[in-house]
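Colleague: The lines below spell out each chain.
There are 2 protein chains.
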Amino acid sequence: MDEALPPTRFDSLETPCLLLDADRMQANIVRLRSRLARLGVHLRPHLKTAKSIEVARVVTEGGTGPITVSTLKEAEYFVSHGFKDILYAVGITPNKLDHVFDLRRRGADLTILLDNLDSAKAVAAAARAAGDRLPVLIEIDCDGHRWGVQPGDTGRLVAIGRVLQDGGSALAGVMTHAGSSYDCRDEPSLVAVAEAERAAAVRAAEALRAAGLPCPAVSVGSTPTAFAARDLAGVTEVRAGVFVFFDLVMAGIGVCALDDVALSVLATVLGHQRDKGWIIVDAGWMAMSRDRGTARQPLDQGYGLVCDADGRPYADLIMIDANQEHGILAVRPGSAASCPDLPVGSSVRILPNHACATGAQHDRYHVVRGGDRHVHAVWQRFNGW
Amino acid sequence: MDEALPPTRFDSLETPCLLLDADRMQANIVRLRSRLARLGVHLRPHLKTAKSIEVARVVTEGGTGPITVSTLKEAEYFVSHGFKDILYAVGITPNKLDHVFDLRRRGADLTILLDNLDSAKAVAAAARAAGDRLPVLIEIDCDGHRWGVQPGDTGRLVAIGRVLQDGGSALAGVMTHAGSSYDCRDEPSLVAVAEAERAAAVRAAEALRAAGLPCPAVSVGSTPTAFAARDLAGVTEVRAGVFVFFDLVMAGIGVCALDDVALSVLATVLGHQRDKGWIIVDAGWMAMSRDRGTARQPLDQGYGLVCDADGRPYADLIMIDANQEHGILAVRPGSAASCPDLPVGSSVRILPNHACATGAQHDRYHVVRGGDRHVHAVWQRFNGW
Numbered sequence: 031m032d033e034a035l036p037p038t039r040f041d042s043l044e045t046p047c048l049l050l051d052a053d054r055m056q057a058n059i060v061r062l063r064s065r066l067a068r069l070g071v072h073l074r075p076h077l078k079t080a081k082s083i084e085v086a087r088v089v090t091e092g093g094t095g096p097i098t099v100s101t102l103k104e105a106e107y108f109v110s111h112g113f114k115d116i117l118y119a120v121g122i123t124p125n126k127l128d129h130v131f132d133l134r135r136r137g138a139d140l141t142i143l144l145d146n147l148d149s150a151k152a153v154a155a156a157a158r159a160a161g162d163r164l165p166v167l168i169e170i171d172c173d174g175h176r177w178g179v180q181p182g183d184t185g186r187l188v189a190i191g192r193v194l195q196d197g198g199s200a201l202a203g204v205m206t207h208a209g210s211s212y213d214c215r216d217e218p219s220l221v222a223v224a225e226a227e228r229a230a231a232v233r234a235a236e237a238l239r240a241a242g243l244p245c246p247a248v249s250v251g252s253t254p255t256a257f258a259a260r261d262l263a264g265v266t267e268v269r270a271g272v273f274v275f276f277d278l279v280m281a282g283i284g285v286c287a288l289d290d291v292a293l294s295v296l297a298t299v300l301g302h303q304r305d306k307g308w309i310i311v312d313a314g315w316m317a318m319s320r321d322r323g324t325a326r327q328p329l330d331q332g333y334g335l336v337c338d339a340d341g342r343p344y345a346d347l348i349m350i351d352a353n354q355e356h357g358i359l360a361v362r363p364g365s366a367a368s369c370p371d372l373p374v375g376s377s378v379r380i381l382p383n384h385a386c387a388t389g390a391q392h393d394r395y396h397v398v399r400g401g402d403r404h405v406h407a408v409w410q411r412f413n414g415w
Numbered sequence: 031m032d033e034a035l036p037p038t039r040f041d042s043l044e045t046p047c048l049l050l051d052a053d054r055m056q057a058n059i060v061r062l063r064s065r066l067a068r069l070g071v072h073l074r075p076h077l078k079t080a081k082s083i084e085v086a087r088v089v090t091e092g093g094t095g096p097i098t099v100s101t102l103k104e105a106e107y108f109v110s111h112g113f114k115d116i117l118y119a120v121g122i123t124p125n126k127l128d129h130v131f132d133l134r135r136r137g138a139d140l141t142i143l144l145d146n147l148d149s150a151k152a153v154a155a156a157a158r159a160a161g162d163r164l165p166v167l168i169e170i171d172c173d174g175h176r177w178g179v180q181p182g183d184t185g186r187l188v189a190i191g192r193v194l195q196d197g198g199s200a201l202a203g204v205m206t207h208a209g210s211s212y213d214c215r216d217e218p219s220l221v222a223v224a225e226a227e228r229a230a231a232v233r234a235a236e237a238l239r240a241a242g243l244p245c246p247a248v249s250v251g252s253t254p255t256a257f258a259a260r261d262l263a264g265v266t267e268v269r270a271g272v273f274v275f276f277d278l279v280m281a282g283i284g285v286c287a288l289d290d291v292a293l294s295v296l297a298t299v300l301g302h303q304r305d306k307g308w309i310i311v312d313a314g315w316m317a318m319s320r321d322r323g324t325a326r327q328p329l330d331q332g333y334g335l336v337c338d339a340d341g342r343p344y345a346d347l348i349m350i351d352a353n354q355e356h357g358i359l360a361v362r363p364g365s366a367a368s369c370p371d372l373p374v375g376s377s378v379r380i381l382p383n384h385a386c387a388t389g390a391q392h393d394r395y396h397v398v399r400g401g402d403r404h405v406h407a408v409w410q411r412f413n414g415w
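Here the protein sequences line up with chains F and D, keeping their order. Quick note on numbering: the first sequence equals residues 31 to 415 in the numbering used here. Quick note on numbering: the second sequence equals residues 31 to 415 in the numbering used here.
Hints are computed from structural coordinates only; laboratory data are not their basis. Just so you know, these numbers come straight off a predicted model, no measurement behind them. Watch out, some of these pointers could steer you wrong.
[Claimed, not checked] SDA-like, lysine to any residue: derived pairs with alpha carbons at most 25 Å apart:
| hint | chain 1 | residue 1 | chain 2 | residue 2 |
| --- | --- | --- | --- | --- |
| 1 | D | K306 | F | A229 |
| 2 | F | K151 | D | G375 |
| 3 | F | K103 | F | N125 |
| 4 | D | K126 | F | P373 |
| 5 | F | K306 | D | L147 |
| 6 | F | K126 | D | W409 |
| 7 | F | K126 | D | A407 |
| 8 | F | K126 | D | D393 |
| 9 | D | K151 | D | S210 |
| 10 | F | K306 | D | D213 |
[Unchecked claim] Chain F stretches covered by chain D per the calculated footprint, using a threshold of three residues with CB under 8 Å from any CB of chain D:
| hint | region |
| --- | --- |
| 11 | 96 to 110 |
| 12 | 117 to 123 |
| 13 | 148 to 155 |
| 14 | 297 to 304 |
| 15 | 313 to 319 |
| 16 | 342 to 356 |
| 17 | 381 to 394 |
[Stated by the list, open to error] For the chain F half of the interface with chain D, some residues (derived, Cβ under 7 Å), not all of them:
| hint | residue |
| --- | --- |
| 18 | E44 |
| 19 | K126 |
| 20 | D145 |
| 21 | R176 |
| 22 | L372 |
| 23 | V374 |
| 24 | G375 |
| 25 | F412 |
| 26 | G414 |
Cβ coordinates follow ideal geometry from the N, Cα and C atoms, glycine included.
Take the sequences, apply the hints, and build the full model.
Modeller: Right, dumping it as structure tokens:
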């Protein structure tokens with residue numbers, strides 16, 4: 031997997047390709063791990079962002095879990111690399127249960143997720159039939175963002191918990207995800223969302239325990255709240271994924287600096303429309319993804335922020351539009367910055383809006399360390415289901 | 031590649047997965063081929079949409095070209111399957127020329143593209159050094175959409191043509207792409223854009239010929255203009271890609287009906303937020319792509335239009351929002367339609383905004399024929415560079 035290379039110069043690479051700055055990644059991981067250690071909770075990194083064994087080994091410090099995944103393909107892959115303690119953090123559907131039991135028979139300590147009584151009944155019955163006390167978390171809705179049981183809906187919560195615990199599976203706890211943290215614009219609102227996330231999970235856990243049900247795991251997390259939480263009393267673990275790489279959306283929220291963003295797309299200038307101030311490169315939306323997450327933020331970064339080949343941002347130079355394999359670079363509308371002179375053949379690095387989305391457009395990471403314009407290794411990643 | 035199967039029932043598939051209705055695809059291909067035959071021009075299908083040898087064989091009627099590609103990886107793949115006459119229709123960068131010459135040494139009749147004198151000089155010099163009269167098209171800008179030489183800029187056009195033809199490569203002709211056709215809202219504007227596309231390419235070709243240069247190929251195309259053009263006098267070939275599958279953007283433009291859309295994502299209901307009228311499914315933006323192409327159209331389809339498992343659209347039921355692996359289905363805002371009752375475990379098919387973008391999120395097609403809820407074959411596709 032880790033194809034170690036004699037350092038390869040950028041100018042011998044075919045573009046577009048995905049660069050991963052391993053030094054920045056390492057620093058990002060240390061930063062969150064240190065923070066959570068101070069708060070006394072474990073990290074259960076979400077590997078949906080990286081989908082790579084090399085990244086998984088760095089983020090788990092060479093361990094084999096605990097981890098979070100978003101697909102059973104990720105679970106398969108990490109089980110095949112020796113990981114055991116895996117949370118599949120997307121609501122289960124009946125057509126995936128055979129696969130779940132199969133993974134568990136092969137040694138995975140796989141936990142699943144649901145939020146409703148119909149699913150709980152189906153899961154408990156399947157667990158009973160399989161003779162496997164499958165552990166299940168109940169998802170709690172802390173911010174109206176997606177789904178989950180309302181933390182104050184004790185009746186529904188206890189009913190689901192009892193079906194799971196008494197019906198053949200095992201109630202393993204509760205989890206919640208403050209997706210609304212992505213809409214925060216300042217530190218006080220981030221701190222408030224993090225506390226609401228914690229409080230919702232802890233309240234639900236207490237309601238289950240008060241009803242005589244077990245609730246060992248109290249799992250919370252998103253990258254913004256993981257960095258904003260002031261207190262995690264009652265929480266047992268934090269999930270976060272995008273912090274490994276960071277991206278422009280996270281920088282826009284204020285959770286990281288531009289210099290922390292470890293992922294970029296290397297592209298080459300192929301032409302110009304000089305009267306319009308456009309530079310055309312060979313990375314379009316297929317290489318950047320269609321994610322426009324910064325469009326809702328005060329500073330819209332288009333399809334990405336353009337840096338030189340050493341990773342230094344050009345002032346206000348962004349990808350203003352994209353075709354499938356062409357990107358149009360121009361100075362941000364309203365900026366007084368001048369467009370750099372980048373002749374045909376010039377290399378640029380483009381920072382992505384959303385690391386999960388841009389990463390998924392590529393099948394490997396070209397590993398760089400700082401700005402020496404060399405690739406030191408190639409790490410495979412996978413996609414799909 | 032073509033993994034023929036005993037027909038597999040939908041309910042035994044793990045979701046999300048990509049469905050391809052082969053009957054609809056076949057009808058779409060016949061429709062465009064018949065149209066172009068009447069207009070007396072060849073089709074050079076763009077395989078960036080499908081990236082699959084099985085689809086390529088259907089669209090080329092079992093032939094081995096001519097085809098268009100958007101990456102050298104596509105060129106590699108189709109060369110390995112016996113295709114020869116290939117146009118790489120993205121502006122060339124110097125770091126790809128070694129690969130281009132290598133493909134040609136291996137038997138590919140590969141043509142490349144550029145729009146500027148610097149690139150022309152670099153290409154001609156490389157061709158001379160390689161002893162290979164590499165054929166090159168000059169891209170013409172017919173609508174200010176991306177890049178290309180202005181059709182009336184005879185000085186620049188002839189200068190590029192002369193460098194190419196006299197410097198070591200071969201001037202193979204001109205090409206243009208009316209990307210602005212995607213913004214059309216009615217038939218008269220589509221017809222006008224198609225005529226402007228034709229006229230720009232023919233005008234440039236005539237200017238080159240008047241200067242004593244060859245211009246054998248006059249290549250135009252986009253799916254909307256391919257269906258709108260009333261006359262293609264002077265044009266030698268039409269490129270189009272998305273017509274093979276069609277999608278909601280094309281339906282919004284009026285180029286196809288919803289019943290022509292051959293691609294859909296099969297998903298499973300995993301829960302509800304009943305007080306909000308939300309149905310939660312296991313296909314999010316990772317399965318649909320982040321493409322929101324219909325957001326600019328009169329009828330915004332969200333992340334996709336929801337159909338039942340047989341492919342019949344529910345009235346105004348769309349994916350209003352998406353997380354990475356969760357989609358939120360709801361009735362379109364303002365609609366009086368009622369939300370269907372879809373219990374946990376129900377299957378839905380979701381039509382995509384943009385076939386190129388949604389296809390690229392998947393590594394295979396599950397081939398269906400009409401609405402019998404069975405998969406008849408699995409066709410691999412590839413992505414990346």
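Colleague: Run every hint past the structure and note whether it holds.
Modeller: Evaluated hints:
1. K306(D) - A229(F): 23 Å, holds
2. K151(F) - G375(D): Holds, at about 12 Å.
3. K103(F) - N125(F): 14 Å, holds
4. K126(D) - P373(F): 16 Å, holds
5. K306(F) - L147(D): Satisfied, since the Cα-Cα distance of roughly 18 Å is no more than 25 Å.
6. K126(F) - W409(D): 22 Å, holds
7. K126(F) - A407(D): 21 Å, holds
8. K126(F) - D393(D): Distance of about 19 Å is within 25 Å: holds.
9. K151(D) - S210(D): Given pair K151(D), S210(D) is violated - Cα atoms ~30 Å apart, limit 25 Å.
10. K306(F) - D213(D): 20 Å, holds
11. 96 to 110: It holds: at least three residues are needed, and the region 96 to 110 of chain F offers 3 whose Cβ sits within less than 8 Å of chain D.
12. 117 to 123: Satisfied; 4 residues make the cut.
13. 148 to 155: holds (count 3)
14. 297 to 304: Held - the region 297 to 304 of chain F has 6 residues with a Cβ nearer than 8 Å to chain D, which meets the minimum of three.
15. 313 to 319: With 4 residues in contact (Cβ-Cβ under 8 Å with chain D), the coverage given for the region 313 to 319 of chain F holds.
16. 342 to 356: holds (count 4)
17. 381 to 394: Coverage by chain D holds for the region 381 to 394 of chain F (6 residues, Cβ < 8 Å).
18. E44: Hint holds; E44(F) Cβ to chain D Cβ min 6 Å, cut 7 Å.
19. K126: 6 Å, holds
20. D145: Since the shortest Cβ distance to chain D is 5 Å, the answer is holds.
21. R176: 6 Å, holds
22. L372: Hint on L372(F): violated, closest Cβ of chain D at ~12 Å, above 7 Å.
23. V374: Holds, because the Cβ-Cβ distance from V374(F) to chain D comes to roughly 5 Å (cut-off 7 Å).
24. G375: At about 5 Å, which falls below the 7 Å cut-off, the nearest Cβ of chain D leaves the hint on G375(F) intact, so it holds.
25. F412: Since chain D brings no Cβ nearer than about 9 Å to F412(F), farther than 7 Å, the hint is violated.
26. G414: 5 Å, holds
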